[in-house]
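Construct the complete structure from the given sequences, taking the supplied hints into account.
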Amino acid sequence: MGVGIEVRGLDAWYGKNQSLKSIDMTVPANHVTAVIGPSGCGKSTFVRCLNRMHETIPDAYAEGSVKVGEMDVYGSGSDPVEVRRRIGMVFQKPNPFPTMSIYDNVAAGLKLNGFRNRKQTAELVERSLKLAALWDEVKDNLHKKSGASLSGGQQQRLCIARALAVEPEVLLMDEPASALDPISTSKIEELIFQLKQHYTVVIVTHNMQQAARVAELTGFFLMGSLIEYDKTEKIFTAPADKRTEDYVTGRFG
Amino acid sequence: MRSRFQQGLDELKEKLLRMGGLAEQAIDRATEAYRTRDSKFCQMVLTGESAINDAEREIDELALDLLAMKQPMAVDLRFILAVLKINADLERVGDQAVNIAQRVLDLISEPEIALPVDIPRMADGVSTMVQRALESFLDGKAEVAEAVLQMDGIVDRMKDEAFVNLVQKMHDDPACTRQALDVLLIARNLERIADHATNIAEDVIFWVRGADVRHGGAHYRE
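Residue numbers (the numbering used here), protein chains in the order written: chain A, 1 to 253; chain B, 1 to 222.
Any given hint could be a false lead.
Stated by the list, open to error - Derived DEER-like restraints, expressed as beta-carbon distance ranges:
no., chain 1, residue 1, chain 2, residue 2, range
1, A, T26, B, A218, 27 to 35 Å
2, A, F97, B, D60, 48 to 56 Å
3, B, A88, A, E216, 27 to 35 Å
4, A, D136, B, R18, 50 to 58 Å
As the list claims (entries may be wrong) - Chain A residues, not near chain B, derived (Cβ > 12 Å throughout):
no., residue
5, N30
6, L131
7, M208
Hint data in this document are derived by calculation from the structure and do not stem from the laboratory.
Ideal Cβ positions, reconstructed from N, Cα and C, are used throughout, including at glycine.
The structure is reproduced here in structure tokens:
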């Protein structure tokens with residue numbers, strides 16, 4: 001099951017440049033929450049802070065509190081590897097391991113986490129591919145075909161399956177459908193809706209219609225600040241803040 | 001520079017205001033027909049209806065295109081929804097004006113008699129409501145729209161009064177039943193036009209403030 005996320009006073013920096021300013025945000029468990037905003041507003045930085053991916057960039061660091069369920073992400077003794085296992089991430093461009101088979105792609109995370117039981121690995125691979133709505137399309141070629149041989153949409157669902165295999169509680173998605181055609185996008189969006197039964201999903205998107213279609217809650221970021229965070233219907237029909245309205249109606253800038 | 005989308009919204013607004021002008025003209029002509037008993041004005045209302053119907057179709061089409069092609073959000077989405085609803089109300093205003101014109105044609109065919117009702121006064125009030133509702137739409141002024149809502153009660157009372165007086169007249173003098181019935185129906189048509197003006201005002205408030213004020217009270221999305 002998914003867990004909720006509590007963000008309090010989160011600041012993020014790239015060297016001397018502050019990219020997030022005192023973000024407070026409560027993401028409910030088993031919901032889809034969208035993060036929107038113009039380029040450079042800090043939305044990607046925000047989700048990367050949730051699983052400590054931000055600090056993998058040289059000179060980048062974050063301060064503040066992020067709690068995912070009972071786990072204190074930035075607490076002393078917090079292990080970034082364990083954090084990233086529990087908070088999976090899917091990126092804009094599908095990035096399967098090109099030389100690995102479909103099966104090995106999904107099992108990769110398990111192996112990295114020291115998982116050695118072959119029977120259970122096979123079960124987890126199948127479960128993950130089913131959750132990612134890819135199983136029926138690849139089940140006959142699991143070991144024969146490489147991840148790179150799949151279409152773009154299939155590759156992205158493969159990456160989702162890979163993220164799910166290590167049984168995370170939260171799934172972060174950074175523009176997961178921006179490189180896909182409308183049919184693949186529609187499949188991914190339907191999948192996101194299904195996944196919330198088991199996971200808490202946070203999705204960064206430039207596509208406001210996509211946010212409107214998949215998310216129950218939407219946060220609007222601007223210049224590193226969270227300007228408005230509310231039910232998606234409200235954000236897209238009657239936002240409270242003029243800056244949100246200017247952005248969602250395309251009047252921004 | 002206004003974007004192509006903004007230009008589309010401007011065009012939609014302009015078309016709706018032009019249609020509003022046609023609907024207002026239809027009310028004024030129907031009232032003039034009643035006042036002067038001149039069938040020429042009735043004919044003008046009847047022939048003018050097709051222009052209102054054409055405008056309705058054109059506005060629906062443009063609104064649909066903007067929804068499909070531009071996928072508007074927030075205030076723009078509310079504006080287009082308001083336009084679609086106002087469009088339907090204005091078309092109904094045109095229909096009510098036609099109904100009045102038909103009743104007047106019937107009245108003209110009968111001897112003129114004095115009836116205890118001031119239709120021109122009621123028509124003035126109704127016409128003002130439509131005018132102000134359209135003005136609130138033109139300028140996006142919710143406070144003007146609110147004033148329109150207040151006026152609806154006055155027109156309702158005028159209609160109720162007309163009903164009581166005309167029914168009494170028919171009872172007292174059955175020979176004038178036909179004329180009294182025509183005028184009673186005209187009063188009802190006018191009252192319905194006032195209802196449409198009220199709807200238009202409510203839609204303007206929804207567009208401007210994002211609040212649903214139909215059926216009393218203001219409901220804001222939570």
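Evaluated hints:
Between T26/A and A218/B the Cβ separation comes to about 28 Å, which falls inside the hinted range of 27 to 35 Å. At roughly 53 Å, the beta-carbon separation of F97/A and D60/B lies within the given 48 to 56 Å, and the hint holds. Take A88/B and E216/A: their Cβ atoms lie about 32 Å apart, and the range 27 to 35 Å holds. Between D136/A and R18/B, the C-beta spacing of about 56 Å keeps the proposed range 50 to 58 Å intact.
For N30/A, the requirement that its beta carbon stay farther than 12 Å from each beta carbon of chain B is met, with the minimum near 21 Å. Once the 12 Å rule is applied to beta carbons, L131/A is consistent with being away from chain B; the minimum gap is 30 Å. For M208/A, the condition that its CB be more than 12 Å from all CB atoms of chain B is violated, with the nearest at approximately 6 Å.
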